[in-house]
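Required output: the full structure, derived from the provided sequences and hints.
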Amino acid sequence: MVHPHPASSSWSCGLSLVVLALLLLSCERIEPVRQAPEMGAESVVLTCEGCHTTRAYLRRLAIDDGSGSGGGGGG
Amino acid sequence: MVPLEPFEKVFINAATYAEIDPNHAAVGCVTCHGGTEPVVAASEARDDLWVAMARAHEFEAEYDDQGVLIRRKPEVKGVLRDPSSQAESNCNGAGCHAQIVALNATSMHTQLWGEKHKVALRAGVSSFAECPQALQDGHTTECATCHTTCGQCHVSRPNGVHGGFLNSHLFQRVPDMENNCTACHGSRVGNDFTGHHEGNRPDVHQELGYDCFFCHKEDLHGDGRTDYTSRYEVDGLPQCVDCHSLASDDNLFHAYHWPGDSEEEGLSCHVCHSQPYANCLNCHSGGVWSSADPEGYTEYMDFRIGRNTGSWANHPVEREEWVTVRHVPVIKDGYREWGLPSQPAWSAFETWEYASPHNIQRFTPQTEIALTNPAYGMADCWMNCHVQGPNEMENARRFLWMSHLDSLKSSVTGLSDPDEYIRANRHVAVDDSISQYWNRH
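As you go down the protein sequences, you meet chains A and B in turn. Terminal number for the first sequence in the numbering used here: 75, no gaps in between. Terminal number for the second sequence in the numbering used here: 441, no gaps in between.
What the hints contain is simulated information worked out from the structure, not anything from laboratory work. Mixed in with the good hints there might be a few duds.
[To be verified] Cβ-to-Cβ under 8 Å is the rule here; a few derived chain B residues that face chain A:
no.	residue
1	V10
2	N13
3	V51
4	M53
5	A56
[What the hints assert, rightly or not] Below are the SDA-like pairs computed for lysine to any residue, each with C-alpha atoms no more than 25 Å apart in a straight line:
no.	chain 1	residue 1	chain 2	residue 2
6	B	K9	B	V30
7	B	K9	A	S43
8	B	K73	A	S43
9	B	K73	A	A41
[As the list claims (entries may be wrong)] Chain B stretches covered by chain A per the calculated footprint, using a threshold of three residues with CB under 8 Å from any CB of chain A:
no.	segment
10	126 to 138
11	268 to 276
Just so we're clear, the structure is a prediction, and the values are computed from it rather than from any experiment. Beta carbons are placed, not taken as given, at the ideal position from N, Cα and C, and that holds for glycine.
Structure below.
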């Protein structure tokens, strides 16, 4: 059995955590309207699911009602 | 059928599509629907979102003379509402559903072979491809638009009832009876099956909780054949004897009338076990009803026994001499809105056609005599059918007589000679030559 080098394992573990954190952040940002910093502070990126899911729909309703941009639940 | 709300037609009831259908979600929305994803909006301002949405759906945003955005969606967009309308490239894009897509391209639902055959017959040509172009175009753009795509059975309601998801965007392996089958086959089959018509009970199979697929085992995706002349040729159509046999259901009625034993005595099961069903007097093209009746569409309840003209292979009632027949909405000038004032060989096919009403009951007005009148016994079973005895006049009204054709001919428009209507249907009707068997007991 080959054991990973301790330093390599630690590095790998750290990288995994970073990737996981990025993924989680990314998931959170696959919202109906998400920020796209490279396009400027005002720009937003739209995806299909960003408009055609219930969560997106409820979020849009909340925006239209002026009650903020809180996301609604899916399901 | 209650229409769906607009949001039920476009919103996936989940946070992400992958939550409900990871397989199709992996393919991605734009792979099937087209369009562009993602797109960048300049801001969350509604106009900016609209412009971005237009880009995602691949149409040009419009502005008025003042440069103000007009929020109007055009008829034609880059995205496909129903990708399966191009099934060969979308449902089979990566070979996903190759076999079924290829089969379905030739299916009865897709091609309407039987209807096309009759359209050609009445046009006086031997195939639909030989019909006048205006007739082919009219049929394709109006009649054939209901019949149907993969998605209109497995994802959404059919276009004919304005679509809408069956269950979010989840693909359903088995279509839903109410939202798919009877959404199209509603005015006859659906209304019969559910007992919609006043005075009728639902079909006994519906009362027992069965749906369409309990009986319909045939492959609705077709078998690759392209030479069908009738929907009754399809292999594997349901037959009552698939479940009910003379051996298991023997009684005096069946012993006398089981099909195949005698040419004159053979009845289709529907003759005894159907309730009255819907018939039509007119048809429509170009959005206009062709009718002698100013009200337009004319549907009426009736029950008529006529001679069986079905001679197709696999016909479910090929051995029966007598069947229930329905007046179908084909009139001679039915295509005038397409620029075709007449059908040159209109009388080449009857307009009283074999019917299989989906409102079966064990006891119907034809069969209940021995139960409803204690004075009658099983030996009097003929009393509610034969044109004899105390119920003679009422029983006679159940047959398609030549005199009935004569009374109807004035309601069929476009005939240069009203007797053409009788000529088209005379081999279905009975007249004074009705079997002596039916006039005695």
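Item to complete: Return the numbers of the hints above that this structure violates; sort them in rising order.
Response: Hints 3, 7, 9, 10, 11 not satisfied by this model.
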